[in-house]
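Chemist: Here are the chains, one letter per residue:
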Amino acid sequence: MADGDIPKMDHPLDIPCLKHGAMEGLKPFQAAPEHQEKLGFPGELVPDWKERALEKMAELAEKNRAFQVYLDTCVKCGACTDKCHYFLGTGDPKNMPVARQDLLRSVYRRYFTFAGKYFPQLVGARDLTEEVLAEWYSYYHQCSECRRCSVFCPYGIDTAEITMAAREIMDSIGVGQKYSNEIIGKVKDIGNNLGLNPKALRATLEDLEEDLEDDTGISVRLPLDEQGADILLVTPSADFFAEPHIDGLLGYAKVFHEAGVSWTLSSYASEAANFGLFIGSYENMREIALRIRKAAQDLGVKRIIFGECGHAWRVAYSYLNTLAGPWDFLDPDYPVPQHILEFTWAEIQKGTLTLDKSRNDHIRLTYHDSCNVARASRMGDEPGGQFEIPRNVIRAVCNHYFDMPDETIREATLCCGGGGGLLTDDLMELRQKGASPRMTALQQTTEDHGVTHMAAICAICKTQFSKVMPAFGYEMDSVVSVHQLVSNAIILTGQDTGKDAFEEGTE
Amino acid sequence: MLSVIYALLFWAATAVLVAGLAARIRKYARTPAPLKIPTTPAPTTQGGVVLRMLREVVLFESLFKSNKWIWLFGWTFHMAMWLVLLRHLRYFVVDIPWWLAFVQPFGTYAGFAMLAGLAGLWARRFLVERIRYISSPSDHLMLALLVMIVGSGLMMRFVAHTDIVAVKVFMLGLMRLRIETLPSDPVLLVHLGGVAALMIVFPVSKLLHAPGLFFSPSRNQVDNPREQRHLAPWAAKLEGARDG
Ligand code: HEM
Ligand code: HEM
Ligand code: SF4
Ligand code: SF4
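Which chain is which? The protein sequence lines are A and B, in order. Just so you know, we're using numbering that gives the first Met the number 0 here: the first sequence kicks off at 0 and counts up by one. Just so you know, we're using numbering that gives the first Met the number 0 here: the second sequence kicks off at 0 and counts up by one.
Hint data in this document are derived by calculation from the structure and do not stem from the laboratory. The structure displayed is predicted, hence computed values, not measured ones. Cβ coordinates follow ideal geometry from the N, Cα and C atoms, glycine included. Check the hints yourself; a few may be wrong.
What the hints assert, rightly or not - Among the chain B residues that face chain A by a calculated CB cut under 8 Å, a handful are:
#, residue
1, Y27
2, M52
3, E55
4, L62
5, E128
6, G192
7, L207
8, F214
9, P216
10, S217
Stated by the list, open to error - No farther apart than 25 Å at their CA atoms in a straight line, the calculated lysine to any residue pairs in the SDA-like style are these:
#, chain 1, residue 1, chain 2, residue 2
11, B, K26, A, A60
12, B, K64, A, P382
13, B, K236, A, P41
Construct the entire structure; sequences and hints are all you get.
Modeler: Below, the structure written as structure tokens:
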């Protein structure tokens, strides 16, 4: 895509004029039959797809209160129309949350409501046709399930729930998205999104241990499949070799090392992310979550901690107990699961970590609240801990910290543009346009405070930003992991700080 | 004859409203929410949820965060409507308690506030491109219906008075399953016809937002998934063959 296509915004929340059909043609690659079948879906469009789709819709309305209530409740007040970053970035009216819901609601009304059955024109009800299906496929893959619209709707209508239901309906008739479904298949076969097998994983971790020792002179371990460890760390597999994720992983290892706890990764549950969420499939989400239960039981751990990942933390915090609990075999003194930032913050408060903030002085930092951490989870005991704990940790390791404009952070945070199963090259145009509100907010903060870097705690955010930031005038490595900053600042017990042992990759 | 038609109309409308709403509410109540999805930050206690819901119902908190114009018009319209409805209670109770007498003058002027709110909301449906795009004919009709009810009410109050004592007798009669004589002023007939139409469409239209709000999982769930296991009945059935 030419850079000229990226909308130039004066303000991150500038409302564009409607550009009808602007994103109409955009469709991600479709899943191949073998990827579909591995997930329990038909391989390709079934002949009686219309009936099957409507059956599925009725089933979901019976199994999921949110779906049923949200379909009925919208009054078309329009409060959500300017809240979606994809609408702000593309101007396509079908990317307004209520309009996105209506793509499905119009069909629901036609077949399941009195008004839609007898007065379809009056209430905007329409038949389910191939064109409608094509529209669903396109626009339900232009929603990152970020929940920003839900915050601002007077009834809390969450378009993400409708998107998930729509994807589930499409999967059930044989129309799935390649990116998400292929990845779920890999987790089922191998244990992680990247398809990294245990041997390769072990080799990677050993390399990293060596690097750490070269850098610090201290032997810091990255244990794998260690029976009887206290803590099972479940982290997104991107942490094993993508930048800047990997620097975050080193940060976790250093914190565990200094805290003096025994911990381990699992090759069987070597993935925190759970893409079952993206496609709205309870069954697939559950199957993936149960891998974590099995790993915890097999390894005999006492606690489970999750690494930096956004949607993963949603599934972990909000759903893990539901999907794979109860966790009565773990140590009841700790919440299950915990976030690595909860752990690190507790250690900082206890004073077990020696931190030299000045080691991050080359960075002027801001922080991106990841959407699903912000609006679908919590950290700590207080509501809003998901905003404060990351900032507390950042302030403990960084001297120069500045927030982005208020209306673009915390619960009103703007999605990175790549979440919810959209982090695929076939959607690059959408990803760049969808990132522009966030990038505009960042540019403002750079102008006001000279900010050079942005920290994030989500594997998707990190990958997305390192990919799109260059188009907005930033280096790829301007996005950093929070634990990368922790890693920079930490002075390990016995570490010789005379010869400088900085983490590379932040300048 | 007219009285009979209107009596039958109101009985039917009441039946549709009550039965339709009850069926809908039962459906919402019986449909499980399989996962914890409160929009966070969310309250961590049941009491906190009650407060959150109260703020949504009384203050339209989320709408206020979202859009000040829609909030202004919408909130004015709804709050004025409650006052007007309160004032209308006098047609349905024999003795007027002191507080009902007290709200009477406020209720009168609330009619104008309702009209202003409705006008603002309707204007947005024409003037704001985004809202024009999402509006269906039914959205306009709903506003038209309400404007008609409110307009005819105000007409009776300030221009073409009707015999409100007779109206009261008619209404009290309906509640006792008797048909009394309804004054045949056209404005009153329009008013009551509109009200009956509103009652009938309530359970099959977006007016379901009133009960819907209370069942919205993103607003009514407690944020305590780590402390308390949440499991839908249909999901519990999947548990059988686990850990084996
Ligand atoms: C629990 C009670 C209720 C609550 C919390 C509530 C809340 C809301 C909110 C927040 C909106 C969106 C903003 C707006 O457009 O005004 C709205 C719209 C609306 N409400 Fe209610 N409402 C309630 C009861 C009612 C009732 C009983 C009626 C019946 C007349 C009603 C009629 C409407 C209409 C017609 C709209 C759409 C206005 C438009 O077209 O923009 N509401 N309501
Ligand atoms: C069966 C139900 C109803 C009856 C019998 C009824 C009857 C009346 C009457 C007789 C008046 C004239 C008052 C006067 O002259 O002092 C009036 C006024 C009015 N009505 Fe109704 N009405 C009913 C329902 C409603 C509803 C549901 C609404 C709104 C949604 C409404 C809105 C108004 C307004 C705004 C006025 C003018 C202000 C006022 O007098 O309070 N009415 N109504
Ligand atoms: S804010 Fe909520 S009720 Fe209003 S149009 Fe959007 S989804 Fe519908
Ligand atoms: S969930 Fe996020 S991406 Fe989806 S419609 Fe709402 S604001 Fe847009």
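Chemist: Indicate, hint by hint, whether the structure satisfies it.
Modeler: To see whether the hints hold, each was checked on the structure:
1. Y27: 6 Å, holds
2. M52: For M52 of chain B, the interface hint is violated, since the closest Cβ of chain A sits about 10 Å away, which is over 8 Å.
3. E55: 7 Å, holds
4. L62: 4 Å, holds
5. E128: Check passed: Cβ of E128 of chain B comes within 6 Å of chain A, closer than 8 Å.
6. G192: Violated. Min distance 19 Å.
7. L207: 5 Å, holds
8. F214: Holds: closest Cβ of chain A sits about 5 Å from F214 of chain B, inside 8 Å.
9. P216: P216 of chain B check passes; min Cβ-Cβ to chain A is 5 Å, inside 8 Å.
10. S217: 4 Å, holds
11. B:K26 x A:A60: 10 Å, holds
12. B:K64 x A:P382: Judged against 25 Å, a Cα distance of about 18 Å means the pair holds.
13. B:K236 x A:P41: Roughly 24 Å separates the two Cα atoms, so the pair holds.
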